Amino acid sequence: MTKLFIITVLFFSGMLLIATEFRFPKPEFTSGYESPILQQPLPTAEWMPYLALGLLLLVMILTGYAVYKWRSRRIQTVLIVFSLAFFGFFREGCVCAIGSIQNVTAALADAGFALSLPVLGFFVLPLLTALFFGRLFCGAACPMGALQELVLVRPLRVPKTLDRVLRLIPPLYLGAAVLFAFCGLGFIICSWDPFVSLFRLSGSVFMLGAGGFIVILSIFIARPYCRYICPYGVLLKAAAFFSARQVSITPDECIKCRLCEQACPSDVIIPPRPRKYSEPGFAAVHRIQWLLAITPGIIAIGIIAGYLLAKPATALDSQITLLRNIKAGNVENEAVSAFLATGTPVKDLAIRVQQRKYKLKIGWMLFGAWSGLIIAGSLIAASRRRRNQDFIPDRMNCVCCSRCYAYCPRELKINKNGTTGNSPEPQASRLQPRPGNAVGGC
Amino acid sequence: MKTENRKLLRQTVTIVAKVTVVFMIIVAVIMVMQYIQLKKISPESSTLLPSLRTELSADRKNDVLRTQIRELDLLTRRAWFTGQNQLRTGGLLLLGAGGVLLVAFILLGLTAKKRVDEKSCLGVTEPKRTGLLIALALTGGGLFIGALAVAFIYDIGNDDKKIAVPLPERKVSAEEFYANWPCFRGPDASGIAPGRKLFTDWDIPSGHNLLWKVKVPRQGYSSPVVWNDKLFVTGGDKKEREIYCYNANSGELLWRHSASGISGSPVKLPKVADDTGFAASTPATDGQRIFAAFATGDLVCVDFAGNRVWSKNLGVPENPYGYSSSLLTTPDKLIVQYDDERRQLLLAFDSATGRELWRKQRKAVIAWSSPIKIEVTGRNQIVILTCESVEGFDLETGEQLWREDCMSGEVATSATFAGGRVLVANDNAVAAAIDPIKGEILWENDEIDLPDVSSPVAFGNMMFIFTSGGIAECVNAQTGELLWEHELEDGFYNSPLLVGDRIIVIDKKGIAFIIKPDAKKFMLERTCKVGEMVVATPAPGNNRLWIRGVQYLYCVGKKEQTP
Amino acid sequence: MSEEHVDKKRRTFLRWTAFAVLVACCLPWLKRKKQHDTVWQLDPEKCIQCGRCATACVLIPSAVKCVHAYAICGYCDLCSGYYIEKPSKLDTAAENQLCPTAAIKRTFIEDPYFEYTIIEERCIGCAKCVKGCDAFGNGSLFIQVRHDRCTNCNSCAIAEVCPAGAFKRVPVKQTYLLKG
Numbered sequence: 001m002t003k004l005f006i007i008t009v010l011f012f013s014g015m016l017l018i019a020t021e022f023r024f025p026k027p028e029f030t031s032g033y034e035s036p037i038l039q040q041p042l043p044t045a046e047w048m049p050y051l052a053l054g055l056l057l058l059v060m061i062l063t064g065y066a067v068y069k070w071r072s073r074r075i076q077t078v079l080i081v082f083s084l085a086f087f088g089f090f091r092e093g094c095v096c097a098i099g100s101i102q103n104v105t106a107a108l109a110d111a112g113f114a115l116s117l118p119v120l121g122f123f124v125l126p127l128l129t130a131l132f133f134g135r136l137f138c139g140a141a142c143p144m145g146a147l148q149e150l151v152l153v154r155p156l157r158v159p160k161t162l163d164r165v166l167r168l169i170p171p172l173y174l175g176a177a178v179l180f181a182f183c184g185l186g187f188i189i190c191s192w193d194p195f196v197s198l199f200r201l202s203g204s205v206f207m208l209g210a211g212g213f214i215v216i217l218s219i220f221i222a223r224p225y226c227r228y229i230c231p232y233g234v235l236l237k238a239a240a241f242f243s244a245r246q247v248s249i250t251p252d253e254c255i256k257c258r259l260c261e262q263a264c265p266s267d268v269i270i271p272p273r274p275r276k277y278s279e280p281g282f283a284a285v286h287r288i289q290w291l292l293a294i295t296p297g298i299i300a301i302g303i304i305a306g307y308l309l310a311k312p313a314t315a316l317d318s319q320i321t322l323l324r325n326i327k328a329g330n331v332e333n334e335a336v337s338a339f340l341a342t343g344t345p346v347k348d349l350a351i352r353v354q355q356r357k358y359k360l361k362i363g364w365m366l367f368g369a370w371s372g373l374i375i376a377g378s379l380i381a382a383s384r385r386r387r388n389q390d391f392i393p394d395r396m397n398c399v400c401c402s403r404c405y406a407y408c409p410r411e412l413k414i415n416k417n418g419t420t421g422n423s424p425e426p427q428a429s430r431l432q433p434r435p436g437n438a439v440g441g442c
Numbered sequence: 001m002k003t004e005n006r007k008l009l010r011q012t013v014t015i016v017a018k019v020t021v022v023f024m025i026i027v028a029v030i031m032v033m034q035y036i037q038l039k040k041i042s043p044e045s046s047t048l049l050p051s052l053r054t055e056l057s058a059d060r061k062n063d064v065l066r067t068q069i070r071e072l073d074l075l076t077r078r079a080w081f082t083g084q085n086q087l088r089t090g091g092l093l094l095l096g097a098g099g100v101l102l103v104a105f106i107l108l109g110l111t112a113k114k115r116v117d118e119k120s121c122l123g124v125t126e127p128k129r130t131g132l133l134i135a136l137a138l139t140g141g142g143l144f145i146g147a148l149a150v151a152f153i154y155d156i157g158n159d160d161k162k163i164a165v166p167l168p169e170r171k172v173s174a175e176e177f178y179a180n181w182p183c184f185r186g187p188d189a190s191g192i193a194p195g196r197k198l199f200t201d202w203d204i205p206s207g208h209n210l211l212w213k214v215k216v217p218r219q220g221y222s223s224p225v226v227w228n229d230k231l232f233v234t235g236g237d238k239k240e241r242e243i244y245c246y247n248a249n250s251g252e253l254l255w256r257h258s259a260s261g262i263s264g265s266p267v268k269l270p271k272v273a274d275d276t277g278f279a280a281s282t283p284a285t286d287g288q289r290i291f292a293a294f295a296t297g298d299l300v301c302v303d304f305a306g307n308r309v310w311s312k313n314l315g316v317p318e319n320p321y322g323y324s325s326s327l328l329t330t331p332d333k334l335i336v337q338y339d340d341e342r343r344q345l346l347l348a349f350d351s352a353t354g355r356e357l358w359r360k361q362r363k364a365v366i367a368w369s370s371p372i373k374i375e376v377t378g379r380n381q382i383v384i385l386t387c388e389s390v391e392g393f394d395l396e397t398g399e400q401l402w403r404e405d406c407m408s409g410e411v412a413t414s415a416t417f418a419g420g421r422v423l424v425a426n427d428n429a430v431a432a433a434i435d436p437i438k439g440e441i442l443w444e445n446d447e448i449d450l451p452d453v454s455s456p457v458a459f460g461n462m463m464f465i466f467t468s469g470g471i472a473e474c475v476n477a478q479t480g481e482l483l484w485e486h487e488l489e490d491g492f493y494n495s496p497l498l499v500g501d502r503i504i505v506i507d508k509k510g511i512a513f514i515i516k517p518d519a520k521k522f523m524l525e526r527t528c529k530v531g532e533m534v535v536a537t538p539a540p541g542n543n544r545l546w547i548r549g550v551q552y553l554y555c556v557g558k559k560e561q562t563p
Numbered sequence: 001m002s003e004e005h006v007d008k009k010r011r012t013f014l015r016w017t018a019f020a021v022l023v024a025c026c027l028p029w030l031k032r033k034k035q036h037d038t039v040w041q042l043d044p045e046k047c048i049q050c051g052r053c054a055t056a057c058v059l060i061p062s063a064v065k066c067v068h069a070y071a072i073c074g075y076c077d078l079c080s081g082y083y084i085e086k087p088s089k090l091d092t093a094a095e096n097q098l099c100p101t102a103a104i105k106r107t108f109i110e111d112p113y114f115e116y117t118i119i120e121e122r123c124i125g126c127a128k129c130v131k132g133c134d135a136f137g138n139g140s141l142f143i144q145v146r147h148d149r150c151t152n153c154n155s156c157a158i159a160e161v162c163p164a165g166a167f168k169r170v171p172v173k174q175t176y177l178l179k180g
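Residue numbers (our numbering), protein chains in the order written: chain A, 1 to 442; chain B, 1 to 563; chain C, 1 to 180.
If you are wondering where the hints come from, they were derived from the structure by calculation, not from laboratory data. Keep in mind that this is a model prediction, so the values were computed, not measured. Wrong hints could be hidden among the right ones.
As the list claims (entries may be wrong) - Label-pair distances were calculated between CB atoms; the ranges are:
id : chain 1 : residue 1 : chain 2 : residue 2 : range
1  : B       : G470      : A       : S35       : 54 to 60 Å
2  : B       : N228      : C       : K89       : 40 to 46 Å
3  : B       : V21       : A       : S35       : 53 to 59 Å
4  : C       : E4        : B       : T89       : 55 to 61 Å
5  : C       : K168      : A       : V285      : 53 to 59 Å
6  : B       : T89       : A       : Y50       : 31 to 37 Å
7  : B       : N461      : C       : K168      : 55 to 61 Å
8  : C       : T12       : A       : K413      : 30 to 36 Å
9  : B       : E240      : C       : I109      : 28 to 34 Å
10 : B       : G96       : C       : T17       : 47 to 53 Å
11 : B       : E440      : C       : T117      : 55 to 61 Å
12 : C       : E45       : B       : V365      : 27 to 33 Å
Unchecked claim - Just a few of them, taken from the derived set where beta-carbon distance is under 7 Å, the chain A residues facing chain C:
id : residue
13 : E28
14 : V95
15 : G186
Here a beta-carbon is modelled for each residue, glycine too, at the ideal position from N, C-alpha and C.
Chain A with its partners taken away, still in its complex shape (with noise of 0.2 Å):
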């Protein structure tokens, strides 16, 4: 040990030397003249992630008591402005806990990255909430959500077949950002934000536009980026499936009125289970056991598509295009001069790049895995038959905005009779009923 030191301080020394040496050596002034003190401003107070952790542990909690307990909107409402006032334009939206899977995932790969605590906490703290709450997380503390709610105007309806098909998007954009966080090929969440410029009030034209139009799509379309881009809500969705309590529309019991169905912007209420059935329903347990056969042909599809896909994307990676600049001999190119110029043997650069190599591959391969898996369930959860006898939630998509509790009769009623909660006038449908449904005769 003493010797490592002294071989440091040795080494450190015989730098200073080196360092000392310059063509003009500082003039020895004979005015007095004393050189001035370089400036060096210090970041964001080193406590304020931490405050901004304690504050989305609280923001939570009064979300929980909002959803559950207070069955309010309103005081909602007030929590949806501080967190995007909050998380959003004080805090510049950085870290954010959509954000944080890659730094978690960084942190796994390279043993040397640095994962701090409030880092940590954000992509923790809402995954335990989601387990034993649902998803409070993304209905008040989320800035993103929570510009997304605010503007949300007139609601329209996505198509099904549309909505199903979208929804594909989230959990191949998880993997994708996963791997990519994985291999050391950037953070492409945090790359293609489109609300980070927004809070920041600065940023590329491209993600600007992009962020302006989430905007506008969400005053006409129910939170278009958390159900269909949002790779952190795959996660909670998977943890609020667990969840001890979810959103019940009605407090006491469901006369079956069909209001809240379109009270839900986001189209996840499930209507109870039909007195009939379409088809009957060995068919559909047949074609579920079919799905289930082909599903490891479908991931395996996958792997070899991830396979072959791996060869052109190392295009992508740095260090392997630093590698073939090299080996092209592009002295023009300013990555291949920056490295010469580093004297670092192009030897070490090979070496680096074959396991770089390997890695990715992996990479990509298992990335063709996690996308069949995805299709094939995906096919098998749109032919599961529904269980429920009451109007409920989708436990995994709702996003707990609380806007169906002004919908239920027998809340308004409670409400008129003053037993239970602080719920305000209930709020005027901004819903036009779906012709289709509301003629359905009894």
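Take the given structure of chain A and dock chains B and C to it, following the hints.
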């Protein structure tokens, strides 16, 4: 709330919301335009101003251009900074308007009429799943096919095995390098010119076989170097330091390049001794570029057409006589021994770019000697002399391989290399031989007369020394024993060269001695006259010899018989 | 009812399993070396002054700005970071300045020395002066991420495009990588 009041409120809020939306659109459009404008005038990417500035430095008296630059500079900067401020304000305006719109929406929502359709009941049927399944399956299939298409399209031309182009290599071959005279005292700077015959039949005062003679514009004690048909010398005084390129066959001055405008070059010139001057360091060439160093610490690299490739100031030397170590080139490196009172450096640069490859900070005493290159056991070494030691370094890495503290006094001579021995001799020190593999002294002899400027040369087992006092000596390179000595009229500043199997050395008066190496006695073959004082070492070619006198540059060679 | 009950029980079991898995995954983090918060910074020794810092940052102007290590400055009259290659005169006129935004202030100290100060509000981080100073001077001018401006993005937009790989995360305690 009363119905009329609610209606009035709704109307007002609606108007406010509409106006806000229009306002936001206008602000957004202005901001986008501003942004595009800002990208265009970004000072970082602007090329007009720099090009105008370059134009002005070529034409310094153009006051119209000067005013134009000043105005344009101010205009651009003003536009850039105000544009930025406007963008920031625009962002805040948009945010504020968004807030107003949000409040308007909330108010509209709160005051909206209740429109709950209470007529509904249970009548749900299980929908058909077929359409959904087909859509999902098609999407999944589409994704896979897309992935395969991407894989196949980008696979072409992306195969690493197809790219097997090696790193760019230099055009100059070792043979060409050794056939030329690229540095002080020849290709390895050791005073040995293999593979050519010394031309000995000349006499300059009488014009016998004198091909040409020119006066060098500025004075310098540096020696000429020759590459094919080009000859380079340097000259300098207090006013300017220059490189001259001559046609080696005709003596025509092809170009001259002034080592000026180098950032870091001192305004106040360092003091130099009269017999050193500003251009004592011999330039060197790698066959594509010529490198020259001057007493100001300026190091310039110029291509064969006279255009500057790179330049730098190595730091103004603190040198009581003036910087005089000559440069050494290998086919791809430039080696500079840069010693002064404060620091002793050995530097290697990439010839093409001037990038420093390695730097060796040594602890030694300043010397005026020049580095030489030797090859032992397949490894290239650089051997340098300082006022206390002889040192060997690895050419590739700069790593110090050995050091022998056998020198003293003021060392200006350089080493030579023959028969696997590094041979050195300097006044007030010793004559010695060193084994560069083990880094051991083989012998030392301090009982003979020693040179203080002229470097030794060796042939076989004989080492020849010519002193400033005019004594020629031959020492047994194996044992260090003096074989013979011979007194001549004048002293030598010029270093002897072994060309083929003859030695040429020119004394201070300008008499060239052509000597046949012999272990028994001083065997003078003939003498030729230069006619003026000679300090520089001549450059031998095939049946040619280029000699630099203190003022003139001469080329001697077989004259074509004119009918 | 019993079916629902079974479902609930199964869900509870799965939930606690998932909880245990999640917590177990976090445990190795505790065993790691103490992890400090990090910020982005660029290594001036690696920087090749390509100019991307001025354009790639999400902020306009960039959070990267030039700083001056006075300790290693030669206080030259002909400063190659301040002047264009062949200045017509060593004065403060626009036509001789290298900086596109005139963000360097030249002050006379004593003959023949001048002090050069960066006016940060004007600096856009283009590193033109750094290139000049590095090529012919001591290299006392260099660029750094200024943390009063940097938003510390999770993925730094400049780091993504830096050809020299000079950007890295540094502990908050050691925010600047200075020269000299």
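| query | For this structure, which hints from the list above don't hold up? | reply | Going through the list in order, the structure violates hint 13 alone and respects the others.
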